[in-house]
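J.: So you can see what is in the structure, the chains are spelled out below.
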Amino acid sequence: MRTLAMRLRGAVVPLALLLLAEAGMRAAGTQSDALARPSEVALALGEALGDGSLLRASAQTLGAGGAGLLVGGGLGLAAGLWFGLSPLAGRLSALTVELLKPVPSVALIPIAMLLFGFGYRMEILVVAFTCFFPMLMLSQAAVAGVEPRLLEMGTVIGLTRRQRVWKIVLPAALPRILVGFRLAVGIALVVAVTVEIAANPYGLGYGLMIAQQSLRPDLMFAFLFWIGALGWGLNALMVALQRRCITPFNQGAAS
Amino acid sequence: MNAQVVPLGQQPRQASSPRRQAAGAGASKQIRFDRVCLDLGGRRIINDLDFVMEPGEFVCVVGPSGCGKTTLLRLLTGLVKPSTGAITRGGVEISGPSRDVAIVFQDYGKALLPWRTVAGNVSLALEAMAVPKEERAGRIADLLRKVGLASHAEKYPSQLSGGMQQRLQIARCLAQEPAVLLMDEPFGALDAMTRQGLQDEVAGLVEELGTTVLFITHDLDEAIYLGDRVIALRANPGRDSSSLAQSIAIDIARPRDQLATREEPEFLRLRRHLFDFIQEHHK
Amino acid sequence: MNAQVVPLGQQPRQASSPRRQAAGAGASKQIRFDRVCLDLGGRRIINDLDFVMEPGEFVCVVGPSGCGKTTLLRLLTGLVKPSTGAITRGGVEISGPSRDVAIVFQDYGKALLPWRTVAGNVSLALEAMAVPKEERAGRIADLLRKVGLASHAEKYPSQLSGGMQQRLQIARCLAQEPAVLLMDEPFGALDAMTRQGLQDEVAGLVEELGTTVLFITHDLDEAIYLGDRVIALRANPGRDSSSLAQSIAIDIARPRDQLATREEPEFLRLRRHLFDFIQEHHK
Amino acid sequence: MKDRNGLIASAGSVAVTLALLAAWSAVSAQRWISPVYLPSPAATWQALSEGLLQGELLALTLGTVERMCYGWLLASIIGVALGAAIGVSPMLRAWLQPMLELIRPLPASSVMPVAIALFGLSPGMVLSVIAFGALWPVLLATVHGFGAVEPRLEEVGRVLGLSRLQFIVKIGLPNALADAFGGVRLALTIALILAVVGEMLAAQQGLGTAILAAARSFRSADLFAGVALLGAIGFASNALLHLAERRMLAWRR
Amino acid sequence: QNKINLGYTAVTDFTAAFVAKEEGYFKKRGLDVDMQLLTITSAIPAALQSDSIQVGGTVPTVLLQAVDSGLDLVAFANASINDNTGKNPALLARTGSNIKSAQDLVGKKVGVPGVGGVMHVLIRRWIMEKGVDPKKVTYIETAFPQMSDLLKAGTIDAVATADPFSTRIEQAGTGAVVSYVGRDFPSGFSNVLYAANRGWAAQNPAQVQAFREALVEAIAFVEKEPQKTRAHIGKYIKLPAPVLETLPIPKMMADLAAPRLRFWAESMRQQGMLKNEPNLSAVIVK
Ligand SMILES: Nc1ncnc2c1ncn2[C@@H]1O[C@H](COP(=O)(O)OP(=O)(O)OP(=O)(O)O)[C@@H](O)[C@H]1O
Ligand SMILES: Nc1ncnc2c1ncn2[C@@H]1O[C@H](COP(=O)(O)OP(=O)(O)OP(=O)(O)O)[C@@H](O)[C@H]1O
Ligand SMILES: [Mg+2]
Ligand SMILES: [Mg+2]
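So the protein lines, in turn, are chains Y, S, H, B and C.
Here our numbering runs 462 ahead of the position in the first sequence, where the first position is 1.
Here our numbering runs 705 ahead of the position in the second sequence, where the first position is 1.
Here our numbering runs 705 ahead of the position in the third sequence, where the first position is 1.
Here our numbering runs 7 ahead of the position in the fourth sequence, where the first position is 1.
Here our numbering runs 153 ahead of the position in the fifth sequence, where the first position is 1.
None of these hints come from the bench; they were simulated from the model.
Hints are supplied without guarantee of correctness; some may be wrong.
Derived pair list, reagent style SDA-like, types lysine to any residue, alpha-carbon separation capped at 20 Å [stated by the list, open to error]:
| hint | chain 1 | residue 1 | chain 2 | residue 2 |
| --- | --- | --- | --- | --- |
| 1 | C | Lys428 | B | Glu63 |
| 2 | S | Lys815 | Y | Trp628 |
| 3 | H | Lys851 | H | Arg961 |
| 4 | C | Lys391 | Y | Glu509 |
Chain Y extracted, bound-state conformation:
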């Protein structure tokens, strides 16, 4: 009962804002190629869901974004663990990482386009590049932040390096690695959509652009809303995963 009420409360603010927008636009009689009333957006959303185009576009975006996430996030995690575990490797790579990290993925799109043309490979490359660094930084920090006493203990009881990684470092760093992964999931979606907006002729970003160019602001906002909802769902999934992996007892290891 109470949790239901709590959930409903979360919906109050956005609903109020939507109603306000609807009322305001009706009152002002807004006529625009770039804006649409919430009610029109809702209709367009229903239509796009009904004809399957939205779901198809979602599958394309999620497929490319997911593959990019796996490649970039996986490599980032591996590198983060490596750099976190071996301070030498971490320090040697520091400058290169710091120099490459701020390179915006959008600046890469033209280069990736020339190399691969449009298509999944290009999108995966750009998404992977973008997911790589946050995952690397956060997992490196998570590993470096493991309670030193635990590592000392592990060394003293004679765990091998490998065992220390598996039995101490990873479980202790897991909560923060999951936070990083959650972030990376969000980034992957955002970048995948951006690549589609800027170049790739499929997926949600492409749909968004086409809707805009076809003078369908209602459909454009429907896509925008759907992207938000998708991100929200992914995040909820990640939170559930976090809950499963972190019991009340090992939570303390996160901090």
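Put chains S, H, B and C with the ligands on the given structure of chain Y with help from the hints.
T.: Chains S, H, B and C with the ligands in isolation, oriented as in the chain Y frame:
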């Protein structure tokens, strides 16, 4: 039956306590501190420490809070390197932690894996030693029984009281079957009865296995009751005086008894002697 | 000069120790445990606890590890609520923490702000009480001197030894000038001399200020030396027997003395009595 | 001793970077990849120095830096404040978090058209979009930092009778600071990216427009010069932040 | 038979290709053409270069700049040409801005659909020919659908745009036409053309030829059957029906020769957009 008050820097030439003869093969290595100094944060914490631990010897360390007892113990594990001087074991310089040196940390709360149960935490040591899976359960149950945690095997550390956490740490160290056991105020969080029980348990175990023990405590009675020798450290040694203020051999027969031993005149004499000495050096 | 062994559930009618008459105005509230039970994780930790603390009284709690001493203290702060029964102070049920109840936690490492210096940690309590800035420095220096940390004011907790961290926590509690002081094995990490010094310091302070004290220790000598009354808790009370195993009034004159008091026949008698009682109840 | 190790590590780190540069140089010299896509380091350096000394690259760079800094500052302040509020108040969490979670994954690039329609093509609009995008890591990390306060410290706060505000300022914030700093660092990177995207989409003069122009006309040396400048900006700002972090989190060492 | 991926953008300049596809003129000549709608013109050279598409509809400015930078692209057919009787492109000024001529644009902000794109180059040339320094005007990249809102908000003072957007801006009352810019230039220079990778064009001369022939046939159809043509357009450009009805169809011409590109080469050199003098005949394959 006389307290050998050994002048600083000199060590007893011979193993005089019965325990030392009982030393097993695994412990047949002398530990030697050779003019060890250590600076931390620009301050001299330990100065000119020079002493020898015979294999199988049970050495207790006392001294005021902050005098460097924990630091001394960390030096022995190899977790901290001396600024000058060397620490050798069996003639070889200690370069880093080794499996046959076990340590019971003072801050027990931080040395346990919060995501493993009581049994899981003990298991960690067995896993480190590559004990086959099927053997582990039995040995874990055995160890937990020894420290009185048998009925808490499935709890997480955060569900244990302070004393129980410390006992868990001890169980894990015993699982290691170490040749050298370092204990940093291991019984500080225990009640009197549990403490006495564990004192005898540990004393018996190390005697049997010939383990060399360095035992930090702030309880003089405990130091005398357990030790073959008691070492007193000096706070703020500076650069002129050695950290080692005194080394007192305890010539009381083993096995010792919680009631009888503590009433022996030699025990009382040593206690008074140590007490006076420390009081004198305090402030 | 007789140990009043009070039957369970009954409390002394009158304040009989000199300290209780010295109770100041801030402490003029009786604390009453009224048939308190507590379950944690489906287990009965504390059962049917029923006793009264007079204003200004110094009550020591002893009992085996894991018997619920820390839990009892947490009940008094209001951090934990009893499953059944009630705890009142001055007739009002304790609903949550209040500033005039200070607590020294057992796990000192976790109770300090790691990002504040020693002085900053003490300052926290003064800030909570809205002490004007210009007054703080003087009071902090004063408190740090009392616990022997004057020369470490600018260090961070991670740079202190265990004992020093605990003394810092005590200083912060004293800064609160509490009417009720709850101490959970506060001297467990201290060396014998520092410990004795702080025992006398704390005893003197609370006597002067009329503070009511609940003091957990596993050292029977300490309990008798400090307390007006010693309470022994029973481990695993189940649902039939009360957690309160015994309540012993300590009728030894104050101020007490580390050497003289501990040699008094009454002290030794009480010590033996408590010891026997606890040994009997152990296991 | 420590300083010497640090020096060696820094030198090693520079060496690794130089080695990678050399590899790049070799690849472009061998013409394994056409210079249309991959210019040589020398060509990039030339484009860079010419652009900075003679062209308008310097002014564009400063424009981007300014935009990034303001957006980032805005994001950090709002993120920490909002994160603290949400981290402390379960009430606020219940009301706001679901909506924030819904807005968070919206790509800033797709929010831009809406922002343009609502606020016009002003610098203020670009700033608000940068702040919007860079806000999330700060917010998330701060909320997490508040949630991860050691339970014992929370009890200390309650026992000391700290007011809500005092608890936030004296315990919550310092405790969250370490986490928040991670978020703030990430926010800086994102702010830079969004400044560039903003320039590309909303026609504000800056490195973004320069890169876009280079990309459209396939001047790869100019493109790489722009990207290298972005890397340099990110590196320098991060280094400054690192310095600040080391000062503020001195207790960790 | 090889498949041809044809990349195009959502403008009616590609009407001939839509018709050729729909009426089977491609198929008749053995061409298997797939139509791929892209959102940005400037992505087309990269897509050609990487063989994501074999034929791309693009504008001369983009093509010339790509070639100038070393991409080996060629044009082989024309899509549309400038028509100095038409209404596209148009320069519209914000209502109340008092912009009546090129002189009035000094210090103002003009929205163009793509910086460096055809309209941008054209408007700068127009301003210059009116005797004004085009550098004294600020150009802001603005997507077509947003132009009306931005004019209204006062963010920009004028826009260079085309139908249906110019008509919609007029109808909404947010702006008024200053000049139909295309009318101030001669008819006949290429506005949109079909390009390919040089390698592909060299290997497939027959297909190039067939493609051109199909376009010629389609242009004849467009003139005969305007109603059917609109229906075909609706399939490839998704616009609301009323907008589609009024959409003007530009003048189309499949034949491509160097003179059709000379106007652009000149303008771009003037505006400093090309490093080298373009070799126009090498850019075109017959
Ligand atoms: N990381 C450090 N940096 C600077 N000084 C330190 C550090 N660690 C410990 N010290 C200092 O070293 C001294 C000895 O500390 P140590 O922990 O060895 O004391 P101890 O004898 O174990 O005390 P206790 O009985 O209270 O645990 C203390 O004065 C402490 O302040
Ligand atoms: N969060 C919890 N969940 C379940 N059981 C708990 C929890 N906290 C404490 N307990 C149990 O309550 C009992 C009493 O714990 P408490 O910490 O009060 O003991 P204690 O008397 O202070 O022991 P010690 O002297 O060792 O500190 C223990 O058996 C412990 O396992
Ligand atoms: Mg210590
Ligand atoms: Mg306890």
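J.: Against each hint, give a clear statement of whether it holds in the structure.
T.: Hint check results:
no.	hint	verdict
1	Lys428/C - Glu63/B	holds (18 Å)
2	Lys815/S - Trp628/Y	holds (18 Å)
3	Lys851/H - Arg961/H	holds (19 Å)
4	Lys391/C - Glu509/Y	holds (15 Å)
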